[in-house]
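Participant: Here the protein sequences come in this chain order: E and Y. Every letter in the first sequence is one number past the one before it in our numbering, and letter 1, counting from 1, is 1. Every letter in the second sequence is one number past the one before it in our numbering, and letter 85, counting from 1, is 1085.
Hints listed in this document are in silico derivations from the structure and should not be mistaken for laboratory results. The reader is advised that the hints may include incorrect statements.
[As the list claims (entries may be wrong)] Chain Y is nowhere near these chain E residues, computed Cβ spacing over 12 angstroms in every case:
(1) L107
(2) P240
(3) V264
[Said to hold, decoys possible] SDA-like mimics (lysine to any residue), calculated; alpha carbons at most 25 angstroms apart, straight line:
(4) Y/K1047 x E/F126
(5) Y/K1256 x E/E42
(6) E/K193 x E/P313
(7) E/K179 x Y/K1256
(8) Y/K1209 x Y/Y1193
(9) E/K39 x Y/C1201
(10) E/K39 x Y/R1199
[Claimed, not checked] Calculated Cβ distances over 10 angstroms to all of chain Y for the following chain E residues:
(11) Q12
(12) D21
(13) D85
(14) P125
(15) R161
(16) P183
(17) G185
(18) G227
(19) V247
Ideal Cβ placement from N, Cα and C applies to all residues, glycine included.
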Amino acid sequence: MAEVTYLEAIRQGLFEEMERDPSVFCMGEDIGAYGGAFKVTEGLLDRFGADRVIDTPISETGFVGAAAGAAHMGMRPVCEMQFIDFVSSAYSILTNYVATARYRAFLPCPMVVRGPSGGYVRGGPFHSQNPEAAFLHTPGLKIVYPATASDAKGLIKSAIRDDDCVLFFEHKYLYRRIKEELPQGDHVVPIGKARLASEGTDLSIITYAATVWKALEAAEQLRKEDGLSIEVLDLRSLLPMDDEAIVATVKKTNRVLIVHEDTVTGGIAGEITARINELAFEWLDAPVRRVAAHDVPLPYAPQLEDFVLPQTPDIVRAARWLAAY
Amino acid sequence: MAVTTALAPDPAARAGLSREQLLELYYWMRLTRSLEERLVNLYRQTKVVGGLFRSLGQEACAVGSAYALRREDVLSPLIRNLGSMLVKGASPLEVLRQYMAKGDSPTRGRELNIHFGDMADRNFIGQISHLGDMVPVMAGVTLTFRLRQEPRVGLVYVGDGATSTGAFHEGINFAAVQRCPLVVIIENNRYAYSTPTTRQCAAERLADKAAGYGIPGVRADGNDVIAAYQVTRDAVARARRGEGVTLIELMTYRRKGHAEHDNQSYVPAGEIERWAEENDPLDRYARRLTAEEGVAPAELEKIDARVRTEIDQATDLAEQSPAPEPRDCLAGVYADPAEAPALWYREGIRSAVERHERPASWGTHDG
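So here's chain E without its partners, still in its complex pose (with noise of 0.2 angstroms):
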């Protein structure tokens, strides 16, 4: 079978629920006969038709909340954000609105929001966001963030399946760059399950979306290096977060370095480093640390967003800081 990627996949996932159940339609800007800015909807009118794969004007407040009125009436909307930093133009009506229809109006709002995130790609400050830890904090929303072609494919059609508004990112710079077969049939991944990207016994890294591959090279460079078993754990899901995973990895190594891209303050990691605290604390045997971005706004220079960004040798360094500790 031939390699799919990371974009493919979620290409797939979209098509095979939307031929699944009819309830399911697209709306996005430019998402139709252009097939959106990144092309990952690209033939899905021209199977669909127009009424399927909505063309909005760029009014993302507009759009997300006739999704929610969509939603009510038992349609299972799929918004593209075009780059999801745009999706702070919908925070309004997702947080205030969709989070809570379930809880104070007991109404259903099954769709997904989802968009091309993450750096890397020299996007500067408006087109390389990574708000998920702006929605972390947000219940009544679900979070996903796959680091690979299948995780992306069967988490897209878990997203659509859900009964509750998820929020699905999209890592762009995966999208051309990640690669694999797919599990035939139905593939579906199921939301707040983490995955163990590789198996070790020294130290943990927690970790999701594009810098699980840096996780993974930076484990390699550890193992060849420093004879070093390094763990990664991919999350997949942010909320929920799969706690038994992180337990358990927690339990195995006794060592935890947590890595996103997202920068540092109030990012995913200070909410999974509480959970170790919490729940795992006597297993550890060093303290739970962070390689995330440096708090500012991620800007254009190449040599200016790499200083931001973390890159593999800092994790190899703060890993190896970890292991001697």
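Go by the hints and put chain Y onto chain E.
Facilitator: Okay, now just chain Y, sitting in the frame of chain E:
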């Protein structure tokens, strides 16, 4: 695709501009076009790091409208308003350094393309990518003029696409209610990325939105630089008199894609070529200058040559500009502290990696 010409000025009137000023308009339009052409070369040489945005065929909108401003007035350009920034005093060298992510670019490598400003002297403000957001910002800038009774005005551009945003609506409504000295220009180039204006808004004339805000709305031929100047000049004068906001819709056409990677597969065959042939703002203006103003073709060629020299010189300088110092990224998030410390795993390290990959694209396409 016919452009409304009902509001075009009487050609003979030339809007009160002197011959020298008429030639200046030509210079700014030529400079805009040639500078973008140079950027295309640099982009192909991978010296432009991120995306490249063109205003080919729209130069008259930006140049003509900005020409109606005084130095103390504040301009808020959008991605296709390079020409307006040049008129307001931005230099080709700044633009080149910015696109090339140089350490001495106006944003010191932090922002891309023409996302930069100068509010200390030349008075243009750096935009963000979220469309429509500059309208409320400019409402606040011009509210300040009114509160301080300064005889200054603001000019903000949006595209046809941004008129669909909540920010546009909220901003223009607030400015109208407050009688801010603000001119809002909708540069209707018929496409927002791939989306035609007909899919953006059900109203035929975007200028008609003005009625809902209780302000005048006018439409003009955006490919006629004199018409763009004149309609803006009148709105600016009105704002300066304290009569509030005017909404202007300039009709034009985007001949290049949203950005350089966009192959415009969604554009009907022949449409771009037709506009290029029949309604190019520079060609039209050159014809007008030679036919009606007695300008010799050699005079225009002299301007073209001057523009080429200026761009060559600026390119040489920009190429020599240094890359940013990596650690400069930590400075300036707050007034105090002026610089953030590097994170624990980066202590004492100057640069995180030796090699700085330049992705072929930011993932928007394969090439």
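Participant: Each hint should be assessed against the structure and marked as holding or not.
Facilitator: Right, here's what the structure says about each hint:
no.	hint	result
1	L107	23 angstroms, holds
2	P240	28 angstroms, holds
3	V264	6 angstroms, violated
4	Y/K1047 x E/F126	21 angstroms, holds
5	Y/K1256 x E/E42	21 angstroms, holds
6	E/K193 x E/P313	28 angstroms, violated
7	E/K179 x Y/K1256	32 angstroms, violated
8	Y/K1209 x Y/Y1193	22 angstroms, holds
9	E/K39 x Y/C1201	24 angstroms, holds
10	E/K39 x Y/R1199	19 angstroms, holds
11	Q12	18 angstroms, holds
12	D21	26 angstroms, holds
13	D85	7 angstroms, violated
14	P125	7 angstroms, violated
15	R161	27 angstroms, holds
16	P183	25 angstroms, holds
17	G185	29 angstroms, holds
18	G227	21 angstroms, holds
19	V247	25 angstroms, holds
When the structure is compared with the earlier hints, violations turn up for hints 3, 6, 7, 13 and 14 and for no others.
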